[in-house]
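*Asks:* Listed below are the residues making up each chain.
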Amino acid sequence: MYEAMVTARQYEERLQEEYLEGKQPAFDISAGPIPGELHLAAGHEASGAGVCQHLRDDDTVTAPHRPHHIAVAKGVDLKRMTAEIFGRETGLSKGKGGHMHLFDPDVNFACSGIIAEGCPPAVGAGLAAKKRNTDSVAVAFLGEGAIDQGAFLESLNLAAVQNLPVVFVVEDNDWAISMPKDRVTDVKNGARRADGFDMPGTRVDADDAVAVYEAAREAIGRARDRNGPSLLEVQVHRRMGHFMGDPEAYRSDEDKAAAERRDSIDRLESDLRAHDVDDETIDELRSSARERVEEAIEWAKEQPEPEPAAAHEDVFSNPPSGVTDSEPNVAEPEAGGDD
Amino acid sequence: MAQQERDPAEERQTDRSLTMSRAMVEAIAHEMREDDEVFYMGEDVADYGGIFDSTEGLLEEFGRDRIMDVPISETAYIGAAVGAAQAGMRPIAELMFVDFFGVGMDQIYNQMAKNTYMSGGSVSVPMVLTAAVGGTYNDAAQHSQALYGTFAHLPGMKVVVPSTAYDAKGLMHNAIRDDDPVVYLFHKRLMGIGWLPAPDGPKTPVPEDDYTIPFGSADVKREGTDVTVVTLGLHVHRALEAADDLADDGIDAEVIDLRTLVPLDTETVRDSVAKTGRLVVVDEDYRSFGVTGEIVARVAEDGLADLEAVERVAVPDVPLPYARPMENEVIPDAEDITDAVRAARGDE
Ligand SMILES: Cc1ncc(C[n+]2csc(CCOP(=O)(O)OP(=O)(O)O)c2C)c(N)n1
Numbered sequence: 160m161y162e163a164m165v166t167a168r169q170y171e172e173r174l175q176e177e178y179l180e181g182k183q184p185a186f187d188i189s190a191g192p193i194p195g196e197l198h199l200a201a202g203h204e205a206s207g208a209g210v211c212q213h214l215r216d217d218d219t220v221t222a223p224h225r226p227h228h229i230a231v232a233k234g235v236d237l238k239r240m241t242a243e244i245f246g247r248e249t250g251l252s253k254g255k256g257g258h259m260h261l262f263d264p265d266v267n268f269a270c271s272g273i274i275a276e277g278c279p280p281a282v283g284a285g286l287a288a289k290k291r292n293t294d295s296v297a298v299a300f301l302g303e304g305a306i307d308q309g310a311f312l313e314s315l316n317l318a319a320v321q322n323l324p325v326v327f328v329v330e331d332n333d334w335a336i337s338m339p340k341d342r343v344t345d346v347k348n349g350a351r352r353a354d355g356f357d358m359p360g361t362r363v364d365a366d367d368a369v370a371v372y373e374a375a376r377e378a379i380g381r382a383r384d385r386n387g388p389s390l391l392e393v394q395v396h397r398r399m400g401h402f403m404g405d406p407e408a409y410r411s412d413e414d415k416a417a418a419e420r421r422d423s424i425d426r427l428e429s430d431l432r433a434h435d436v437d438d439e440t441i442d443e444l445r446s447s448a449r450e451r452v453e454e455a456i457e458w459a460k461e462q463p464e465p466e467p468a469a470a471h472e473d474v475f476s477n478p479p480s481g482v483t484d485s486e487p488n489v490a491e492p493e494a495g496g497d498d
Numbered sequence: 089m090a091q092q093e094r095d096p097a098e099e100r101q102t103d104r105s106l107t108m109s110r111a112m113v114e115a116i117a118h119e120m121r122e123d124d125e126v127f128y129m130g131e132d133v134a135d136y137g138g139i140f141d142s143t144e145g146l147l148e149e150f151g152r153d154r155i156m157d158v159p160i161s162e163t164a165y166i167g168a169a170v171g172a173a174q175a176g177m178r179p180i181a182e183l184m185f186v187d188f189f190g191v192g193m194d195q196i197y198n199q200m201a202k203n204t205y206m207s208g209g210s211v212s213v214p215m216v217l218t219a220a221v222g223g224t225y226n227d228a229a230q231h232s233q234a235l236y237g238t239f240a241h242l243p244g245m246k247v248v249v250p251s252t253a254y255d256a257k258g259l260m261h262n263a264i265r266d267d268d269p270v271v272y273l274f275h276k277r278l279m280g281i282g283w284l285p286a287p288d289g290p291k292t293p294v295p296e297d298d299y300t301i302p303f304g305s306a307d308v309k310r311e312g313t314d315v316t317v318v319t320l321g322l323h324v325h326r327a328l329e330a331a332d333d334l335a336d337d338g339i340d341a342e343v344i345d346l347r348t349l350v351p352l353d354t355e356t357v358r359d360s361v362a363k364t365g366r367l368v369v370v371d372e373d374y375r376s377f378g379v380t381g382e383i384v385a386r387v388a389e390d391g392l393a394d395l396e397a398v399e400r401v402a403v404p405d406v407p408l409p410y411a412r413p414m415e416n417e418v419i420p421d422a423e424d425i426t427d428a429v430r431a432a433r434g435d436e
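Protein chains in written order, with the numbering used here: chain H, 160 to 498; chain U, 89 to 436.
Hints were generated in silico from the structure; no laboratory data involved.
Be aware that a few hints might be false.
[Said to hold, decoys possible] Taking CB as the label site, the calculated pair distances span:
id, chain 1, residue 1, chain 2, residue 2, range
1, H, E466, U, A175, 49 to 59 Å
2, H, G355, U, D288, 45 to 55 Å
3, U, A175, H, R342, 36 to 46 Å
4, U, P287, H, K289, 51 to 61 Å
5, H, E180, U, S376, 47 to 57 Å
6, U, V211, H, K347, 37 to 47 Å
7, U, T300, H, N322, 57 to 67 Å
8, U, R104, H, G355, 46 to 56 Å
9, U, S212, H, E313, 25 to 35 Å
10, H, N322, U, E389, 53 to 63 Å
11, U, N198, H, N477, 29 to 39 Å
12, U, D123, H, P339, 24 to 34 Å
13, H, E180, U, D123, 40 to 50 Å
Since we're looking at a predicted model, the values are computed, not measured.
Just so you know, even glycine gets a beta-carbon here, dropped at the ideal spot from N, CA and C.
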């Protein structure tokens, strides 16, 4: 668990460096080796690691727009994920998805950048497991800003009435871009929303990865034993802006400082030390994580960019007849006007 | 987000230039001062000032009751705008990225758009739905669509797509005063935000006083005799760039900015094609069943004899890819437009 958390943190620190390249001194979102938005998850690691520790490859995870820590913990191919973020041909999605849309069918991991819209597909994965009579489970991750969305509430209900093996994990980092939690919900303890669907709801406060691990064991075990869905809310902290380039003018310095102080990684590290894990072991875990990260980044950067024409492929798995993968050549007059 | 310092002396000058976002905000502020029934709600519109600066500075003047941050619940707050509008208020609801329309779409096309009709005209829905559109910054398929055609296809909503600060202000005044629901789609690349640099064109002189631009009045942004290029939004600027390049080769392109899709100014387009004989339609939306097909059809319906050649330039029916080489491939640029113009002329 510690390894997954440290890998995720180091990974994102490196992504941040790479992202800022070409965007200095003037921040231009479309410049540099990693364009588009980038949402980093520093401060969220405990939930990804604590939950995914209990999952197998055949269990499904759907992640939201802030997916890296969950992907790392679920065992998504780090190299191909990195290549995807760099928009390379050998990326998980051949450069079509980018950082918010990571798909790794080998470990049943999928993403959506639309708030709460990963919940219904997780319910569907649970439904498939039930129909096929397997003991795999599905976990949908979402932020506390997403719990007002219909897709989440409807998914809780459907999973409950169908008694499906689904766990909903809410990562409460107190912020939804610039909106503090108290401006978007009157229910401070999000786990209480489970009551409305007659399913168990648990909240883990204080960025405690061990407590997340315990609570997730209970919820996932319940799902695996076909005892139905549950809701788990985890207090995490957003140590950075909502996305890279967010100046966070809406956020007080004290709030930022508080988020920095409550670091689940530091906390787990002291727990480990208290359990007599020595410095050497911790250093080893850290340096092996760093090596893996570095290797993935170096590999990704060496990968080729996709050919422009590849943009026309993959719209369908089974293209209907008459649909071609290539663009009609509009500049060819002898074709007698295009199409 | 940097709060821009406004210099009142500078603002009084009639030839002051504004970014498109400032021009939009100026119109909204004016309407809010004039009419207490106007209010604005959306995600991150208060303290943040809108992710694309669409409400920058409004919270300070109007407070949280009128510049409302709402939970991430598009169905609820867009629907609430419909309800408030039916109660006689004039809400503006912001959908941060147009791509999120699916979440609140029932409220948009079954309630907002249809209640006037279904009530036999006894109910009106005087609201504005604003949304950011467009790609060109590699944010992939869920954050880069234009979707102009989707909204224009569904009856009951007026659809506005400004391309300059001057137009953005005038069209916003209309949109808020209009008794019907208006979908106001602004392209991120035109807003003039620091992190998403705009081309030169959209920052224009903007009069300080309020003024309106009638819906359904396309603007001839460049006159020409050889070919008519019809477009909207960001692609007005790409078409103008293409027209400049073509002029170097002695080809004189007329560039028409539609400004509104509903109502659509078919007459200006037809008149232009009657003059040039050649039509090129450029759109950042998907090619099939969209703006390009509609414009060609309208010209053909009444002016088939004038049409010597037609070309369409649009996104070739693929979701917007993330990686730069592929995004560049599918979003039309100035060169795609010059190629299409040459093809329409039958140039080798
Ligand atoms: C349906 C929809 N509405 C709005 C957005 C824009 N948006 C992206 S992230 C975000 C805030 C999400 O907050 P939260 O769920 O708490 O997750 P966090 O970013 O804090 O991890 C918003 C409003 C979106 N992507 N999808």
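*Asks:* Between H:G355 and U:D288, does the C-beta distance stay in 45 to 55 Å?
*Replies:* holds, 54 Å
*Asks:* Holds or violated: the 47 to 57 Å window for the beta-carbon distance between H:E180 and U:S376?
*Replies:* violated, 38 Å
*Asks:* Could you say whether the range 51 to 61 Å given as a hint is met by the Cβ separation of U:P287 and H:K289?
*Replies:* Between U:P287 and H:K289, where Cβ atoms are some 53 Å apart, the hint holds.
*Asks:* Holds or violated: the 46 to 56 Å window for the beta-carbon distance between U:R104 and H:G355?
*Replies:* holds, 54 Å
*Asks:* Does the beta carbon distance between U:D123 and H:P339 stay inside 24 to 34 Å, or does it fall outside?
*Replies:* Given a distance of about 30 Å, which is inside 24 to 34 Å, the answer is holds.
*Asks:* Within 29 to 39 Å or not, the Cβ separation of U:N198 and H:N477?
*Replies:* holds, 32 Å
*Asks:* Is the distance from the Cβ of H:N322 to the Cβ of U:E389 consistent with 53 to 63 Å?
*Replies:* Roughly 57 Å apart at Cβ, these two residues keep to the hinted range, so it holds.
*Asks:* Against the range 36 to 46 Å, how does the distance between the Cβ atoms of U:A175 and H:R342 compare: consistent or not?
*Replies:* violated, 24 Å
*Asks:* That 25 to 35 Å hint for U:S212 and H:E313 (C-beta), does it hold up?
*Replies:* For H:E313 against U:S212, whose Cβ atoms are near 31 Å apart, the range 25 to 35 Å holds.
*Asks:* Starting from the hint 57 to 67 Å, judge whether the C-beta atoms of U:T300 and H:N322 obey it.
*Replies:* holds, 58 Å
*Asks:* Using the Cβ atoms, figure out if H:E180 sits within 40 to 50 Å of U:D123.
*Replies:* holds, 48 Å
*Asks:* Would you say the C-beta atoms of U:V211 and H:K347 sit inside 37 to 47 Å of each other?
*Replies:* Since U:V211 and H:K347 have Cβ atoms about 39 Å apart, the given range 37 to 47 Å holds.
When each numbered hint is compared with the structure, violations occur for hints 3 and 5.
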